[in-house]
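Visitor: Chains as they are written, first to last, in my numbering: chain B, 22 to 337; chain U, 103 to 378.
Simulated from the structure, these hints should not be mistaken for lab results.
Cβ atoms here follow ideal geometry from the backbone N, Cα and C, with glycine treated the same way.
Among the clues, some could well be false.
Unchecked claim - Derived SDA-like pairs (lysine to any residue); straight-line CA-CA distance at most 25 Å:
| id | chain 1 | residue 1 | chain 2 | residue 2 |
| --- | --- | --- | --- | --- |
| 1 | U | 330 | U | 235 |
| 2 | U | 234 | B | 40 |
| 3 | U | 200 | B | 152 |
| 4 | U | 330 | B | 66 |
What the hints assert, rightly or not - To spell it out: a stretch of chain B is covered by chain U in this simulated footprint if at least three of its residues, at any positions, have a beta carbon under 8 Å from a beta carbon of chain U; those stretches are:
| id | segment |
| --- | --- |
| 5 | 77–86 |
| 6 | 313–323 |
Claimed, not checked - If you want the footprint, here are the derived chain U segments under chain B, 3+ residues with CB under 8 Å:
| id | segment |
| --- | --- |
| 7 | 209–220 |
| 8 | 232–239 |
| 9 | 253–263 |
One-letter residues, chain by chain:
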Amino acid sequence: MNTIHNRRVVCETLIELSEKDRDIVVLCSDSRGSASMAPFAEKFPSQFIETGIAEQNIVGIAAGLAASGKKPYVASPACFLTTRAAEQIKIDVAYSNTNVKLLGISAGISYGALGMTHHSLQDIALLRAIPGILIAVAADRHEAKRLTEAFNEYTGPAYMRIGRNPVEDVYDSDDYDFQLGKAITMRDGNSLSIITFGETVKTALEAAELMSTGGIDCRVINMHTIKPLDNDCILKAANETGAIITIEEHSIFGGFGAAVAETVVQNCPVPMKIMGIPDEPAVPGKSREVFAYYGISPENLCIEAEKLIKMKKNGW
Amino acid sequence: MDKYGSLRKKAAQIRRDIIDMVYRSAAGHVGGSLSETDILVSLYYCVLNVDPKNPLSPDRDRFLLSKGHSIDAYYCVLADKGFFPKDDLKSYSQFSSKYIGHPNNKIPGIEMNTGSLGHGLSVGVGMALAGKMDNKTYRVFVLLGDGELAEGSVWEAAMAASNYELDNLTAIIDRNGLQITGKTEDVMRIEPLAMKWESFGWNVIHTDGHDFPSLCDAFSKKNIIPGKPTVVIAETVKGKGVSFMENNPKWHHGVMNEAEYKRACEELDKVPEVCE
Ligand SMILES: [Mg+2]
Numbered sequence: 022m023n024t025i026h027n028r029r030v031v032c033e034t035l036i037e038l039s040e041k042d043r044d045i046v047v048l049c050s051d052s053r054g055s056a057s058m059a060p061f062a063e064k065f066p067s068q069f070i071e072t073g074i075a076e077q078n079i080v081g082i083a084a085g086l087a088a089s090g091k092k093p094y095v096a097s098p099a100c101f102l103t104t105r106a107a108e109q110i111k112i113d114v115a116y117s118n119t120n121v122k123l124l125g126i127s128a129g130i131s132y133g134a135l136g137m138t139h140h141s142l143q144d145i146a147l148l149r150a151i152p153g154i155l156i157a158v159a160a161d162r163h164e165a166k167r168l169t170e171a172f173n174e175y176t177g178p179a180y181m182r183i184g185r186n187p188v189e190d191v192y193d194s195d196d197y198d199f200q201l202g203k204a205i206t207m208r209d210g211n212s213l214s215i216i217t218f219g220e221t222v223k224t225a226l227e228a229a230e231l232m233s234t235g236g237i238d239c240r241v242i243n244m245h246t247i248k249p250l251d252n253d254c255i256l257k258a259a260n261e262t263g264a265i266i267t268i269e270e271h272s273i274f275g276g277f278g279a280a281v282a283e284t285v286v287q288n289c290p291v292p293m294k295i296m297g298i299p300d301e302p303a304v305p306g307k308s309r310e311v312f313a314y315y316g317i318s319p320e321n322l323c324i325e326a327e328k329l330i331k332m333k334k335n336g337w
Numbered sequence: 103m104d105k106y107g108s109l110r111k112k113a114a115q116i117r118r119d120i121i122d123m124v125y126r127s128a129a130g131h132v133g134g135s136l137s138e139t140d141i142l143v144s145l146y147y148c149v150l151n152v153d154p155k156n157p158l159s160p161d162r163d164r165f166l167l168s169k170g171h172s173i174d175a176y177y178c179v180l181a182d183k184g185f186f187p188k189d190d191l192k193s194y195s196q197f198s199s200k201y202i203g204h205p206n207n208k209i210p211g212i213e214m215n216t217g218s219l220g221h222g223l224s225v226g227v228g229m230a231l232a233g234k235m236d237n238k239t240y241r242v243f244v245l246l247g248d249g250e251l252a253e254g255s256v257w258e259a260a261m262a263a264s265n266y267e268l269d270n271l272t273a274i275i276d277r278n279g280l281q282i283t284g285k286t287e288d289v290m291r292i293e294p295l296a297m298k299w300e301s302f303g304w305n306v307i308h309t310d311g312h313d314f315p316s317l318c319d320a321f322s323k324k325n326i327i328p329g330k331p332t333v334v335i336a337e338t339v340k341g342k343g344v345s346f347m348e349n350n351p352k353w354h355h356g357v358m359n360e361a362e363y364k365r366a367c368e369e370l371d372k373v374p375e376v377c378e
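All chains, please: the whole structure from these sequences, using the hints.
Guide: Below you can see the structure in the form of structure tokens.
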């Protein structure tokens, strides 16, 4: 069981990159602990800015830094960063097109028992409606490294969503083909596809394994970049497997499943099931408990898969 | 004509350009534009180190119009300085024009898109921090409205600027006492304003926002206190220069009829320096 947090890997990667790239600036809003950025602050004090608990200000400051040639990374809890500072993100970052990287820490339901104030289940819906922001999520620590490196290469507004707790590996190492905007097929199959991102890639792989014992051949796609979506990969899955389950650690309204559905229904309609957090304050608990409560477990995904395959066969 | 006389003449011409543009397009925020005109003329013709031929020079002084709706004066000054052809402003507020009703950084000379109030000072803090990090000597100026000061984010930025000891940052308050609904003190009391900024750790300078010697002096480097950001509270008159617009909130974004336009032009053409 992996015990290394993705947020720690993001920090270590930024430290590595900063050895050469002195334009990198990390900003925290009294969040260097929760963002695991304390080692960066110690190593590069002149490239670290503390703003105190002021999310609107931190995003505006980052935009000003970027407009002056810096490469700012704002590391702040996703729940506060994306909703409290939504307008600064919309205007100072996206609309003004400043090279600001937003690192939303402890996203989704990873703050668990702290409740809805600390859950970030609207960030994807909100940010994806704003033109010009790339949105990405790493499935494990290896991908967190690749994604951080890719962010530093990419010029333009971008949001990385990062969970709080260590997640189990889905890759053996960080040596694999990773490109922003290009989804990764983790497991091939033709009966149906599960398309997901982040922590639930692992759940999807476990579900696919369980399905295979019952003769269902499930494709698993890691859509690490949520915007821009890899539409080719989605349509290929729709064409070749004829049924799609999406899983997101996010509200089912306006989020990832909705984004996939927009592509599917307008180009290649197939039966879909959108799994995620329903329209309610999420139940408190550890991630796995919460996911299972909302049907995101290998066992329940098998049931959902069977329903979809039946729909597909019946010509829905 | 002395230096200040030519600034007065320039300001009268800019006001005339504003009136022409606003009348032609039947759009704009004329009241706040006329109140800030002398501030902008002081900055662009007396203070700022900016080069219209090299608008992105890394050493340039930065200016942010946080009260982004008062775009008319800003466009007219930038065009007059040669950042873009004056003729471009014929498309102001027209279909598909980049010259929209708020600052647009696709236009040379404009640093950031503003227009939602309370954003500019934080961005200015970021620019000033970058300057300090790179040992640059450029200065950052942010012009805010007085109604804008009800936005909480302004005070987040005010706290940060003094915390970071940004003596390369100057905030300017266009203190015309009015906002769209009426008097600022009736809508949401912001006084005692100087005390607020002082208590946030700023170097506070009070000035007549229509007097060029005072304005140029207020912005001059000699007033900088090391380790402190500076705020210039510029007492202004909304609608300044056109008698029937002065101190009347109706002209926040009022549109002139033909008679009003003619009267405004006559008044502006009577400015002594223009007649010389
Ligand atoms: Mg005002």
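Visitor: Determine for every hint whether it applies to the structure shown.
Guide: Evaluated hints:
1. U:330 to U:235: Status holds; Cα separation ~16 Å.
2. U:234 to B:40: Since the Cα atoms of residue 234 of chain U and residue 40 of chain B sit roughly 20 Å apart, the hinted pair holds (cutoff 25 Å).
3. U:200 to B:152: Since the Cα atoms of residue 200 of chain U and residue 152 of chain B sit roughly 17 Å apart, the hinted pair holds (cutoff 25 Å).
4. U:330 to B:66: holds, 21 Å
5. 77–86: Contact hint for the segment 77–86 of chain B vs chain U: holds, 9 residues under 8 Å.
6. 313–323: violated (count 0)
7. 209–220: holds (count 7)
8. 232–239: Result for this restraint: holds, n = 4.
9. 253–263: Check passed, 6 qualifying residues.
The structure fails to meet hint 6 from the earlier list, while all remaining hints are met.
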